[in-house]
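Participant: Okay, here's what each chain looks like letter by letter:
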Amino acid sequence: MPRSIALLTDFGSKDPYVGQMKAVLAAHAKTQFILDICHEIEPFNVIQAGFYLAASYPYFPEGTIFVAVVDPGVGAPRRVVLAERSNRIFLAPDNGLLSMVLDGAASLKIWDLSRAAADLQSSDTFHGRDIFAPLAALLAAGQRPQEMGREITASSLKIQPWKSPRIQGDVVEADVLHIDRFGNCILNLRTAEWLDRLSRWKEPEMSIVDNFPLKLTTAYAELAEQDIGLLAGSQGFLELAMNRRSAADNLGLRIGSALALRDAAA
Amino acid sequence: MPRSIALLTDFGSKDPYVGQMKAVLAAHAKTQFILDICHEIEPFNVIQAGFYLAASYPYFPEGTIFVAVVDPGVGAPRRVVLAERSNRIFLAPDNGLLSMVLDGAASLKIWDLSRAAADLQSSDTFHGRDIFAPLAALLAAGQRPQEMGREITASSLKIQPWKSPRIQGDVVEADVLHIDRFGNCILNLRTAEWLDRLSRWKEPEMSIVDNFPLKLTTAYAELAEQDIGLLAGSQGFLELAMNRRSAADNLGLRIGSALALRDAAA
Amino acid sequence: MPRSIALLTDFGSKDPYVGQMKAVLAAHAKTQFILDICHEIEPFNVIQAGFYLAASYPYFPEGTIFVAVVDPGVGAPRRVVLAERSNRIFLAPDNGLLSMVLDGAASLKIWDLSRAAADLQSSDTFHGRDIFAPLAALLAAGQRPQEMGREITASSLKIQPWKSPRIQGDVVEADVLHIDRFGNCILNLRTAEWLDRLSRWKEPEMSIVDNFPLKLTTAYAELAEQDIGLLAGSQGFLELAMNRRSAADNLGLRIGSALALRDAAA
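Chains as they are written, first to last, in the numbering used here: chain X, 1 to 266; chain H, 1 to 266; chain S, 1 to 266.
If you are wondering where the hints come from, they were derived from the structure by calculation, not from laboratory data.
A portion of the hints provided could be inaccurate.
If several chains are the same, the list does not tell them apart, and a pair holds so long as it fits within one copy or across any two.
Said to hold, decoys possible - The list that follows gives simulated cross-link-like pairs (lysine to any residue, SDA-like), each with its CA atoms no further than 25 Å apart: (1) Lys215 with Pro58; (2) Lys158 with Ser99; (3) Lys163 with Leu195; (4) Lys14 with Pro2; (5) Lys215 with Arg190; (6) Lys14 with Phe33; (7) Lys14 with Arg197; (8) Lys14 with Pro72; (9) Lys163 with Pro58; (10) Lys202 with Ile167; (11) Lys215 with Ala106; (12) Lys14 with Pro61; (13) Lys14 with Arg181; (14) Lys202 with Thr217.
Could you put together the complete structure from these sequences and hints?
Facilitator: In C-alpha cells:
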C-alpha cells in the first residue's frame with residue numbers, strides 16, 4: 001500500500017486552499033491516499049496545531065507523511081524542515097509547530113529542506129500548495145531526505161513551548177489547552193503524569209472565580225446533570241466535562257483560561 | 001473493489017476527532033475507501049443522525065459499511081450493535097440511531113458486538129476511534145458478524161421514534177424535521193405517503209401564527225419571489241421552500257417547529 | 001491511474017448532500033478518486049464558484065472531471081453543459097458558472113448534455129446527486145461527450161460576467177472579489193495585468209472613505225503591525241493583506257466593496 005499523506009492546516013473550509021493542496025498532491029504524488037487531520041486550526045495558532053499533531057499522529061499508519069502548515073512566516077526566510085519519528089515523517093515550517101510532536105523522542109533525525117524548497121516555483125503567500133505539497137509528493141514517490149536537504153540538529157529547531165502546569169503549595173494551576181465541539185475543556189495535564197495523583201484526592205475542587213466540586217469519573221454518561229467531571233480524555237490529557245452539556249459554556253472557560261485545582265479535604 | 005466505509009458523526013470539523021477515526025481505518029482496514037456522510041450532526045442528536053442515515057444509505061454502493069457515531073452514552077454500558085439491511089452493514093451504538101434506517105425492513109439481522117468491543121483497548125470517551133473504527137476495519141477485512149458477537153432480535157433494540165404527523169379534522173399537523181443550508185424546511189411528511197394527497201388540495205395553506213398560502217410546485221425556480229412552495233424534496237420528504245431565499249428565516253421556522261396544513265377551499 | 005473527479009458546490013457541510021453525491025460517484029464511477037475544491041460557496045453565488053474553479057483547475061491532474069454545482073435553476077429548463085479545456089472536463093449547469101474558466105481559451109469544445117440528463121431518473125431539486133454525479137460517472141467510465149449530447153457553440157453559453165476594474169483619470173477603481181479566512185481581500189486585479197503597473201507607483205494609496213497608504217510587498221511577514229500590504233496573492237490576483245491580522249476587519253471591507261487606488265506621488 002502506498003504511503004498515506006495526512007494534512008493539518010489553518011486554511012479552513014471556505015476557501016479553495018485545501019482543495020488546491022490536494023490537487024497538487026494528486027497531480028504529483030500520483031496518490032490519493034490523503035487524509036485530513038483538521039483544517040480548522042485557529043489562524044496562525046502554531047501551538048494548537050502542535051497539540052493536534054502530537055495527539056493524532058500515533059493513530060496513523062507507519063510511513064505516513066504529515067504535512068502541517070500553519071505558517072504566518074510564509075514568504076519570509078524561515079526554514080522548511082522535515083523530522084522523522086516513530087517511522088513517520090513530519091513536514092512543517094520551522095516555527096515551533098513540531099515542538100510537542102518531537103518532545104521526549106529518544107532519537108530524532110531532522111532535515112532542513114530549504115534547498116529543495118528553493119528549487120520549486122512558488123508564490124510567496126501559499127507554500128502549502130507550492131512548497132509543502134510538492135515536497136510531500138517527492139517523499140511519497142520515494143525520494144529520501146538526504147537527497148533534498150541537509151541534516152540539522154534538533155536543538156537548532158525553533159521551539160514553541162506550551163504552558164506547563166504550576167504547583168503552588170497544595171494547588172495545581174492548570175490551563176485550558178483546548179475546548180472541543182462538545183464544550184469539553186482539555187487541560188494541560190497529561191493523563192500519564194496526573195491521573196493517578198489527582199485520583200487520590202478525596203474532595204477535588206476547582207477554582208476559577210468561584211469554587212466548584214469536581215467529580216472524578218471515567219465516562220461522560222456517569223455524571224449527573226449538574227456535575228462537573230474530571231476525567232481522562234481521549235487526547236492524552238485530563239479534561240473537564242459535563243454530561244450532554246458544554247462545560248466551557250457553563251463555567252465560562254475559554255482556550256487559555258487558567259484554573260486552580262486542589263483537594264478540599266487535604 | 002474493496003468495501004466502502006461511510007462515516008456519520010456529531011464530531012464536527014474543528015477537532016481532530018474525525019481525522020483520528022480515519023487514521024485508525026487507514027491503519028487497520030488497509031483501505032481508504034472512506035466516505036463522509038456528514039460530521040455536523042447536532043451534538044447528541046440521535047434522531048437527526050437517523051434521518052441523515054436513512055436518507056443517504058440507498059445511494060451508497062452495496063457492501064458499504066456505515067459507521068454512525070452519535071454517542072452520548074459512550075463509556076456507559078450501552079451496547080454496540082450491527083444491523084444488516086439491503087446488502088449494507090450498519091454499526092452504531094444501541095441508542096435508537098438506527099430506528100429510521102431499520103423501519104419497515106422485511107427481514108433484518110441484528111448483532112450485539114459488545115463482546116468484540118470489549119476485547120479492544122479503548123478510551124472511555126471516544127469509541128468512534130477506539131471501538132467503532134477498529135470493528136469496521138475487521139468487517140472490511142472480511143470478518144463476519146457471527147465471529148464478533150451474538151445475534152439479537154430487532155425488538156430488543158432501543159427505539160428513538162421521530163414525531164409522526166397528526167390529522168385533526170381537515171388539518172394535518174406536521175413538524176419541521178430538518179432545515180438545510182438553503183433554509184429549506186423538510187417536513188415529517190414522507191413524499192410517498194403525502195404528495196398525492198396534498199396535490200389534490202385546491203388552496204393549500206399553512207398556519208404557524210398567521211396563515212400563508214402555499215404553492216404546490218416541483219422546482220424552486222418555478223416560485224415567484226414571495227411564494228412559499230411545498231414540494232417533493234430530495235430526501236424523501238415534502239419540504240417548504242422559497243426561490244433563492246431561506247424559507248426558514250422568512251417564516252421564522254426552526255427544527256422541531258410545528259405547523260398546520262389545510263385546504264382552504266375544502 | 002483513473003481520472004480524478006473534483007467537486008465544487010454550494011452545498012455546505014451541515015447537510016448530507018455532498019455525501020450523497022460522493023455515494024453516487026462511488027457506486028457508479030467505481031472510483032473514489034474524488035477531490036473537493038470547496039463546498040462552502042455562498043448559496044447561489046455563481047460568480048464566486050466561477051472564481052474558485054478558474055483559480056483551482058490548473059493544479060489538478062490532466063484528465064480531471066470537474067463537477068461544479070451552484071444551481072439555483074435546478075428543475076427549471078436550464079441546460080446541463082460540458083466544456084473541455086486544457087485536457088480537463090468541466091460539467092456545470094448553463095448559468096454562467098463556467099464564464100471565468102473558459103475566458104480567453106484559444107479553442108473550446110462545448111456540449112449540451114441535456115439529452116443524457118433527461119434519461120436519468122431524478123429529483124427536481126437535487127441534480128448534483130441525480131444528474132451531475134451520474135454523468136460524471138459515465139465520463140469517468142470512458143463514455144465520450146458525443147455519445148451523451150450535442151456540440152454547441154461557446155457563444156450560446158449563458159455568461160455571468162464579473163466586474164472589471166475601471167480607470168478614472170489617475171485612479172484605478174477596483175472591487176473586492178473575495179475575502180479569505182485570514183481576512184485577505186482579493187481584488188479584481190489580475191496579477192499578470194496589474195502588478196508591474198502598480199509596482200511603479202511611488203506612494204500607492206487606497207481610498208475607501210479615508211485614505212490609507214499601501215505597502216507594496218511580496219510576503220505577509222514583511223509587513224509591520226499596522227501596514228496594509230498590496231501583494232500578488234496565490235489565486236492570480238492582487239490582494240490587500242495585513243500581517244497576522246484581518247485586513248477585511250480592520251478596513252471594514254466586504255466581498256463586493258469598491259475601493260480606489262492611486263499613486264499619491266503622481
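Participant: A separate judgement is required for each hint: does it hold in the structure or not?
Facilitator: To see whether the hints hold, each was checked on the structure:
| no. | hint | in the structure |
| --- | --- | --- |
| 1 | Lys215 with Pro58 | neither (30 Å within a copy, 44 Å between copies) |
| 2 | Lys158 with Ser99 | within (8 Å within a copy, 46 Å between copies) |
| 3 | Lys163 with Leu195 | within (19 Å within a copy, 44 Å between copies) |
| 4 | Lys14 with Pro2 | neither (30 Å within a copy, 28 Å between copies) |
| 5 | Lys215 with Arg190 | within (18 Å within a copy, 45 Å between copies) |
| 6 | Lys14 with Phe33 | both (23 Å within a copy, 22 Å between copies) |
| 7 | Lys14 with Arg197 | neither (44 Å within a copy, 31 Å between copies) |
| 8 | Lys14 with Pro72 | both (19 Å within a copy, 20 Å between copies) |
| 9 | Lys163 with Pro58 | within (23 Å within a copy, 43 Å between copies) |
| 10 | Lys202 with Ile167 | within (18 Å within a copy, 57 Å between copies) |
| 11 | Lys215 with Ala106 | neither (36 Å within a copy, 47 Å between copies) |
| 12 | Lys14 with Pro61 | between (29 Å within a copy, 22 Å between copies) |
| 13 | Lys14 with Arg181 | both (19 Å within a copy, 7 Å between copies) |
| 14 | Lys202 with Thr217 | within (13 Å within a copy, 60 Å between copies) |
Taken one by one, the earlier hints fail for this structure at numbers 1, 4, 7 and 11, listed in ascending order.
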